[in-house]
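*Asks:* Sequence:
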Amino acid sequence: MQGADEPIRTPKTLFTFNSREDMQQYATGCDADIGGTSTVHLDLDETSVLPASMSPTGKEIHRPTAKFWGDMRLAVRKGYEDQIWGGYAAFRSKPRTTLFGEITDDVSMHRLLALRLRAGGHPRTRNSYYVNIQTDGPIETDLWQHRLFFRRDDGGWEDIFIPFEDFVLTNAGEVSPVQLEMYRERIRTIGISILGAKNGVEGPYELGIDSIRAVNDEDMTVDAAPRKELSEGTQWERHAV
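One point on numbering: in this note's numbering, the residue at position 213 of the sequence shown is 213, and numbering is uninterrupted.
Everything labelled a hint here was simulated from the structure, so no lab data went into it.
Yeah, the Cβ is synthetic: ideal placement off N, Cα and C, and Gly gets one too.
Hints are supplied without guarantee of correctness; some may be wrong.
Unchecked claim - Result set (EDC-like, lysine to aspartate or glutamate): computed pairs, CA atoms no more than 16 Å apart in a straight line:
1) 67 / 21
2) 67 / 22
3) 78 / 33
4) 94 / 22
5) 12 / 159
6) 12 / 106
7) 94 / 140
8) 94 / 21
9) 12 / 217
10) 67 / 206
11) 12 / 219
12) 12 / 185
13) 67 / 43
14) 67 / 46
15) 67 / 45
16) 12 / 218
17) 198 / 174
Claimed, not checked - For each label pair, taking beta carbons as the anchor points, the in silico distance ranges come out as:
18) 82 / 10: 49 to 55 Å
19) 138 / 75: 35 to 41 Å
20) 178 / 49: 42 to 48 Å
Work the whole structure out from these sequences, hints included.
*Replies:* Below is the structure:
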């Protein structure tokens, strides 16, 4: 009778950023890896405090979270001026392999990706973040991408909800001319990039990350459905991790 069970629709935690063990799951990269001058860090912030509105007890939560930070710079090192574009930094989850194959996540019963984030740094860098999802598809360079839209401008924590259907398929940093449905049964990696080159944006950036989950409409804490928008900035993703 197992086949008669209803699909599991409860919130599903995909990644957390609350311990040193959690932090070992992620890789970082930026344009400095190929001749640029940007910097990137992903550290555990053990002083972070989440507001009472995000706590089931109605009290502030004192717990570590991740801090993705650095300096976004468009300049490149001498000798690379006509060879590369600067202006990007990123992190992503590492592929999870076992003796029996790779671990992936099935989010086919969930409609939304939920991210608990805090946008800090210089105000001009806050509109240049993107979420990137890699599935277990036949083309490894395919990435599903969506821009992050923040509703707070005070650097506070917020929950951001993005429908999986609103992600756009890109390949090698370019929007794919053929848009397919995301293979949500096998999610390999999830990451966030900041693409300063898109709008000529430079300056300090800082993003707090607490968790990444898969949820449904009934789990939304606020009406936070994002605009269906993906700018030309995706082309700068081609060198990000």
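*Asks:* If a hint holds in the structure, say so; if it does not, say that too.
*Replies:* Cross-check of the supplied hints:
1. 67 / 21: Distance ~15 Å between residue 67 and residue 21 Cα, so the pair holds.
2. 67 / 22: Holds. Residue 67 to residue 22 sits at ~13 Å (cutoff 16 Å).
3. 78 / 33: Within the cut-off at roughly 14 Å; holds.
4. 94 / 22: Status holds; Cα separation ~11 Å.
5. 12 / 159: holds (15 Å)
6. 12 / 106: Status holds; Cα separation ~10 Å.
7. 94 / 140: Judged against 16 Å, a Cα distance of about 14 Å means the pair holds.
8. 94 / 21: holds (13 Å)
9. 12 / 217: This hinted pair holds, its Cα atoms lying about 13 Å apart.
10. 67 / 206: holds (7 Å)
11. 12 / 219: holds (11 Å)
12. 12 / 185: holds (13 Å)
13. 67 / 43: holds (5 Å)
14. 67 / 46: With a Cα-Cα distance of about 10 Å, the restraint between residue 67 and residue 46 holds, given a limit of 16 Å.
15. 67 / 45: Distance ~6 Å between residue 67 and residue 45 Cα, so the pair holds.
16. 12 / 218: holds (13 Å)
17. 198 / 174: holds (13 Å)
18. 82 / 10: 49 to 55 Å: Taking Cβ atoms as reference, residue 82 and residue 10 lie about 53 Å apart, which means the hint holds.
19. 138 / 75: 35 to 41 Å: holds (38 Å)
20. 178 / 49: 42 to 48 Å: Holds: the Cβ-Cβ distance is about 45 Å, inside 42 to 48 Å.
Consistency note: the structure conflicts with none of the earlier hints.
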